[in-house]
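Chain S is fixed; fit chain G onto it per the hints.
The lines below spell out each chain.
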Amino acid sequence: MTGIKTLADLKRKQEEVRREIDLRRRAEEPDSLVQVKVAMATCGIASGAKIVMDLFVRELPRRGIEAVVTQTGCMGYCFAEPTVEITLPGKEPIVFGYVDAHKVDEIIEHYIKQGELVDGIIPQNYNTIAEPD
Amino acid sequence: MVDLAMHMMDIVQNAIRANATRIDIGFLEESRKGTLTFTVSDNGSGMVPETVERVEDPFFTTRTTRRIGLGIPLLKMTSEQSGGSLRVVSLPGAGTVVEAVFRTDNPDCLPLGDLAGYLVLLLVANPDIHFSFSYRLDRDHFLIDTEEWVKQGFTDFSKKEMAPAVTEFIAENLKTVCRKRNSESFLC
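Heads up: the sequence lines are chains S and G, in that order. As numbered in this note's numbering, residues 2 to 134 make up the first sequence, in order. As numbered in this note's numbering, residues 270 to 457 make up the second sequence, in order.
Chain G with its partners taken away, still in its complex shape:
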């Protein structure tokens, strides 16, 4: 994984596989602490404590198509390489929260990557899942909530024909938020 957008897709894919109907993706940049907290929480099937203990083990997977699962171990690796950490909290029947902290004052912090592009693919591929995506940099905030969109009359966000427009919408708004980032941060 060379950027955070790839990790996002990877972890969200886990949530989809856990039959989640609601997935919240969060990026929280705190310049005072020099951290970026990346969170994916879902209302999927959840895991028992014994399983949670083993998710960081690359040779553990519930899948039967292959014996190795690298999604969580890779996220743990990249976050720890920047001086950060990874935490997984889960409750069977209630859902799972994966939280990775990256240190943005460390040159090994991963770049964000094409968040808008991956998000739009998620929206197109999973029209029945309620997604929310939030990006906060200190006081500036950009939030998407698909249920909120529907309420306001924007219902076609998962149509392929809308993909370029939605990508532009997300990319432009993220650019506006990220412009405020101070120059000491290695995040880009």
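Bound conformation, chain S alone:
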């Protein structure tokens, strides 16, 4: 790919990407949208959430997974940052803690692709420290 420096370059790239996506869509079920939320508050940023989010953004399309990657605020698990919440279609969301590059790979290959649970799940009890009495 030649260098991208102008809006015209970006638009050329856009056409290229659209063609690729069209090809892939035809081969896949469209209702299999996976949701990935990366905690991007002060605690997450400071412990490397960017690397994790970068990897999801890059690796999911490369491995042919249709997913929505978004950022979210602090989920209250600052001790376990970077944390990621994954929602598979039709399933309860699951939060993974202490995520790094290796873990991202494991989550994609085992949890997202095959539905197998991997280490590092944070049990959710839906209570927060400021829960009113």
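Honestly, the hints are just simulated from the structure, not real lab data. Only a predicted model underlies this, so the values are computations on that prediction, with no experimental measurement involved.
Derived pair list, reagent style DSSO-like, types lysine-lysine, alpha-carbon separation capped at 30 Å: (1) S:K104 / G:K428; (2) G:K428 / S:K114; (3) G:K428 / S:K92; (4) G:K444 / S:K6; (5) S:K12 / G:K428; (6) S:K12 / G:K449; (7) G:K449 / S:K6; (8) S:K6 / G:K428; (9) G:K420 / S:K6; (10) G:K420 / S:K12; (11) G:K345 / G:K444.
Below, chain G alone, put in the same frame as chain S:
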């Protein structure tokens, strides 16, 4: 926070949480004054004056998931460490402006960090928010406006598949602007 790009992500996350639909990010380098002014302004829910007074307090947060909020206090700390300052202006219902001044003639000025990388993550994660990003170094200027992009036919900027290209676009243009920085500045 070890660089300004991290602060940018952090402060913008606050704006997103305030339900902003438009977020303007600005970096203004003025070599004559030896300053870099970093601004994030949003059209989110805004804050009442009593809240604005307390945002610099690390033990104040509106969140219920934990009792400590360090985003603004850390930005205040890093800007003041370089001899700069922090200002928060907000109006309920209208939005908030966070402005941090860093002194670039001070060796404690934070490096910029991966602005392009963080910006692209913001674009990918928030396709419905209208972002503008401006970087000005004296007379040189680089501006992104997602609404302007859409008008000109570039609509897929928030697609993951476009992320590498958009990152390269931003990084290359920032490099061109920053090449003009004079050697006395500690910013890098």
